[in-house]
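> What follows is the residue order along each chain.
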Amino acid sequence: MIQVEKLTKSYGNYQALKEITFSVEKGEILGFLGPNGAGKTTTMRILTCFFPATSGKATVAGFDVFEEPHEVRKRIGYLPESVPLYRDMVVTDYLSFVAGIKGVAGREVKKRVDVVMDECGLTHMSHKLISELSKGYRQRVGLAQALVNEPEVLILDEPTAGLDPKQIIDIRKLIKGLAGKRTIILSTHILPEVSMTCQRVIIINEGKVIAVDTPQNLTSNIQGAGRIAVKVDGPWQEVVKGLSGISGISRVDRKEGGSGISEFIIDTAKGLDVRKDIAPLIVKNGWGLLELKPVEMSLEDIFVKLVTKE
Amino acid sequence: MRNFYLIARKELHSYFSSPVAYVVITMFLVITGYFFYNLFASFSILSFQASTNPAIANQKNLLNITETVVRPLFGNISMIMLLMVPLLTMRLFSEEKKSGTIELLLTYPVTDMEVILGKFFACLTVFLLMLLLTATYPVLLFVFGEPEVGPVLTGYVGLVLMGAAFISLGIFTSSLTENQIIAATLSFGILFLFFMMGYSISLMGPILGNLMIYISLIGHLEGFAKGVIDTMDIIYYAVFITLFIFLTLRVLESKKWRG
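Line order of the protein sequences matches chains A and B. For the record, in the first sequence the residue sitting at position 125 is 155 according to the numbering used here, with numbers rising by one throughout. For the record, in the second sequence the residue sitting at position 231 is 214 according to the numbering used here, with numbers rising by one throughout.
Take these hints with a grain of salt, some might be off.
As the list claims (entries may be wrong) - Per the computed footprint, the stretches of chain B lying under chain A, defined by three or more beta-carbons under 8 Å from a beta-carbon of chain A, are:
| hint | segment |
| --- | --- |
| 1 | -4 to 10 |
| 2 | 79 to 86 |
| 3 | 90 to 100 |
For the record, the hints were derived by calculation from the structure and aren't laboratory data. Keep in mind it's a predicted model, so treat the numbers as computed, not measured. The beta-carbon is built from N, C-alpha and C at its ideal position, and this holds for glycine as well.
All chains should be modelled from the sequences, with the hints used to inform the complete structure.
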């Protein structure tokens, strides 16, 4: 649905994008992850034909962004990061204006506007001025204007920035509900958002793609070795000795310990599950097994690891 | 065509949903009304004096209401337009640039030309309404005196063309900056220079002098106010408007190649 090849964008001497290449399948939600200034917004602006790239090629729904911008624009819904809206307009008037300009047929406009207002939970705000709305509702209006022409592709730049936790959950649910029907690119620097909503993640930093994968694969690949946390009630020196004896365990670390109860972090070789060996050992020695769980690297850890490695 | 209409309607809506249009129109009418009152009152005093003083009565030109009231009135209205039109045009692109709405607008399936013309005609409509309200002055003249109809009508044609020229320049300066004050200052400054160019002709040779007169904005209203429709004047305004609309289009396109 979206093909990006060797996209480069320079502002004077500064290269915001350096030969970015990726593609998005139809119906997929792609997370665009990166620190501030990584090039997320620049990529989105190129895909929405707001400005062209310095070099490279990008197609959306089969149309070249540089050759046929008009065709591309008809097929996308875009929500810029700052959610720029005409604040002196009433919600319905604004959405009708956008629907008209995006080519929704005259008699369809009212119906489409009602549908998106319902989808975005705006119906009870329909006659309010946009300037009177709270940030969360303005975000919904922004999303509604992107959706109003039923675009094949949605490009959302940090759609949950600045919202309260309840609103974030609502917006995420809304975006997830659109998956399958539409292709979505979503940028963010909030990691849990990506693991919750996206099927695939692209991590970019300083204008370069540094990883493309599913959130799950990213977690397991980067992690390399496995890691297990155990909480045991027993003499810790003996426990360490016992655990170190199990084959496949490369390192045992005592994290903390009070009177008898200690927590240990165990590093194991990749792809080896030693949990079934640990439990009998502890039981056999008469210690108390209080907790045994695998430690997964969060996307935060991976992100920091990837970005700092650069 | 539909996009053009939708944009024009939206722009008109924002002129009248904020106090901008009301304030500008009101001030325009107050100032032009004040000028009209002065012209008309001095003309009536002059007429009274002429009834007792044959020296004045012999100056036929002075006692012609078209010459002493209508013509200067059009000159005065054009001066007030110079002050007020930049205030109408300054927000057209600057505001969208500042608030970021231009990013959404230009990623909708509209052409730059549709956007510019939509804004141009919305502003022109506000201007025409403003000008229409000044029609009360000539109506009063027709009630109390007998001015010629021709110069009044052609004078208005001249003002409409001049207003459209002012608007095209105002849209251009508005597209250059996201600061409305800079946009207004630029368009006022440039318009004022165009207006005042005629002043320096005495310092120049005949060829350059004639050129300056032709470029100067004010010279082209004279004919209309006298009741003459000269194709040269119409071409002047048409070229002026086309030039600045074209330049605005280039400014919008420049985001495509500017780094």
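> If you count the residues of the segment 79 to 86 of chain B with a beta-carbon closer than 8 Å to a beta-carbon of chain A, do you get 3 or more?
holds (count 5)
> Check, residue by residue, whether the segment -4 to 10 of chain B contains three or more positions whose beta-carbon lies closer than 8 Å to a beta-carbon of chain A, and give the verdict.
Satisfied; 4 residues make the cut.
> With a cut-off of 8 Å between beta carbons, are at least three residues of the segment 90 to 100 of chain B near chain A?
holds (count 5)
The earlier numbered hints are all upheld by this structure, with none contradicted.
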